[in-house]
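As they're listed, the protein sequences go chains A and B.
When the first sequence is numbered by the numbering used here, its final residue is 1198 and no position is left out of the sequence of numbers.
When the second sequence is numbered by the numbering used here, its final residue is 342 and no position is left out of the sequence of numbers.
By construction, these hints were calculated from the structure, which means they are not laboratory data.
It cannot be assumed that every hint is accurate.
What the hints assert, rightly or not - Restraint-style ranges between C-beta atoms, simulated for each label pair: (1) B:Pro340 to A:Val1142: 44 to 50 Å; (2) B:Gly184 to A:Ala1130: 54 to 60 Å; (3) A:Lys1139 to B:Pro284: 43 to 49 Å; (4) B:Ile104 to A:Gly1179: 38 to 44 Å; (5) A:Gly1179 to B:Tyr165: 29 to 35 Å; (6) A:Glu1198 to B:Pro163: 28 to 34 Å; (7) A:Val1142 to B:Pro163: 21 to 27 Å; (8) A:Lys1129 to B:Ile202: 30 to 36 Å; (9) B:Leu120 to A:Val1196: 35 to 41 Å.
What the hints assert, rightly or not - Straight-line Cα separation of at most 27 Å, DSSO-like style, residue types lysine-lysine; simulated pairs: (10) A:Lys1139 to B:Lys110; (11) B:Lys290 to B:Lys183; (12) B:Lys92 to B:Lys186; (13) B:Lys342 to B:Lys292; (14) A:Lys1139 to B:Lys218; (15) A:Lys1110 to A:Lys1177.
Said to hold, decoys possible - Stretches of chain A that chain B covers, calculated by requiring three or more beta carbons in the stretch to come under 8 Å of a beta carbon on chain B: (16) 1141 to 1153; (17) 1182 to 1190.
Heads up, the beta-carbon is just placed ideally off N, CA and C, and yes, glycines get one too.
Chain by chain, the residues:
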Amino acid sequence: MNSKMIVGLVVVVLLIVGGFVLLKGNKQSPQTIAPSAVQPTQQSAQVTPVSTESSSPSGSMTNEKAVTVTLTSSGFDPATITVKAGTKVTWVNKSGVEATVNSDKHPTHLLYTPLNLGSFVRGASLSLVFDKPGSYGYHNHLDPSQTGTVVVE
Amino acid sequence: MARLLRIPKMQMLFALSAIIITAIIHKPTLQVVIIYLASILLTIGWDYFFLKVRRVDFFLPSAALVTGSIIGLLHSPLLPIYELFVVTFLAMFSKHFIKKGRKHLFNPAAFGLFLTGIIFFHTVSWWAASFQEFKIQNVEFIIFFLILLLPGYISVIKLRRYWIIFPFLIIYSLLNYVLNHFFSLFDPTVLFFALVMLPEPMTTPNKSKVQIAFGIFVALVSLLLASPILTTRLLFLNSLPDPLVTGLLMGNLIFLPWK
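Could you put together the complete structure from these sequences and hints?
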């Protein structure tokens, strides 16, 4: 068996396995959230209609139990928020395109897996309650130049 | 022109140009065009500068063009322009001066992006190699995805670096699935890294068995660096700009004796 056949065989096996896992993943993963949908996703994450709650100034501490971060075409605003444990953070997508909220680091998203909230279309929102103190970096997987941090005290 | 197109580096440049065109279609802002062109021009500029310093005659900067393209695709267009000066400077500096014999040690784009990330406290953006998700129901994204695979024709077929690429993709995808329940084989960032940056001939081993080891090494190190297993115990790892780029540079260094 020459090297070209080996390469071809590897490519075919990868495509079959990858296709199988992709199709299986598409059936099991949460659907892209549309603006009018309200359904729980994972752990304490929640999808809600666009919130009217105010967002805290960039980097400053807030005593509110709920904080909103807006995703625009320029990125997450505010990029850094500091909140108390037990605060619910809601991300609203006003970027005009589909986006995601995923934990650092790109592209594995392993540092804080509850932050892997998935994708949301424009106008939709995603939420997560942060229970434990720490610094949680996240980004938009579809445009990793858009990053943010939640600091929980 | 036809002769130029037969050179693998020029073919890679055309493939990267196709990717940036899809990125501009996806994110049509003047800023991204400016940053991409600036990246290429600055890289060529620094390449020419260091050739002058070394008193070497100027020649077709095909390698600098490819490096500049990669930097333009991965360096965030939201960052200040002076950072682009630094990235391209460091990339060309490593290519010209961090060498063993005639071969440079490190992937130049990876070196520049890594050090700039440490200096300015940010990660590698991968902005132009992240949106091309394989969505079977969307023709536009299928085309974007296929264009993302174009560099594979050069690195797999023409340069025959499959002994690096496929072991990396297999190990990385399987382990990522075990750790994160996410099969990253079709992830745009992972594919771009595997097909463009990982198999660079000047900085990787030449023998097939060592190439397999290299591909597996980079996969394992990249995942370890991204995993809380290490990062919660060795906090300095959180300041490293990017696990894939860091893993590649470590591989370039560790496998130096086998080049």
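Checked hints:
1. B:Pro340 to A:Val1142: 44 to 50 Å: holds (47 Å)
2. B:Gly184 to A:Ala1130: 54 to 60 Å: Taking Cβ atoms as reference, Gly184 (chain B) and Ala1130 (chain A) lie about 56 Å apart, which means the hint holds.
3. A:Lys1139 to B:Pro284: 43 to 49 Å: holds (45 Å)
4. B:Ile104 to A:Gly1179: 38 to 44 Å: The hint (38 to 44 Å, Cβ to Cβ) holds, given that Ile104 (chain B) and Gly1179 (chain A) are roughly 41 Å apart.
5. A:Gly1179 to B:Tyr165: 29 to 35 Å: holds (32 Å)
6. A:Glu1198 to B:Pro163: 28 to 34 Å: With a Cβ separation near 30 Å, Glu1198 (chain A) and Pro163 (chain B) satisfy 28 to 34 Å, so the hint holds.
7. A:Val1142 to B:Pro163: 21 to 27 Å: At 24 Å between Cβs, range holds.
8. A:Lys1129 to B:Ile202: 30 to 36 Å: holds (33 Å)
9. B:Leu120 to A:Val1196: 35 to 41 Å: Cβ of Leu120 (chain B) to Cβ of Val1196 (chain A): about 37 Å, so the range 35 to 41 Å holds.
10. A:Lys1139 to B:Lys110: Holds, because 15 Å separates the two Cα atoms, which is no more than 27 Å.
11. B:Lys290 to B:Lys183: holds (18 Å)
12. B:Lys92 to B:Lys186: holds (16 Å)
13. B:Lys342 to B:Lys292: Holds, at roughly 12 Å.
14. A:Lys1139 to B:Lys218: It holds: about 22 Å lies between the C-alpha atoms, which stays within 27 Å.
15. A:Lys1110 to A:Lys1177: holds (14 Å)
16. 1141 to 1153: holds (count 5)
17. 1182 to 1190: holds (count 5)
Violated hints for the displayed structure: none, as all numbered hints are satisfied.
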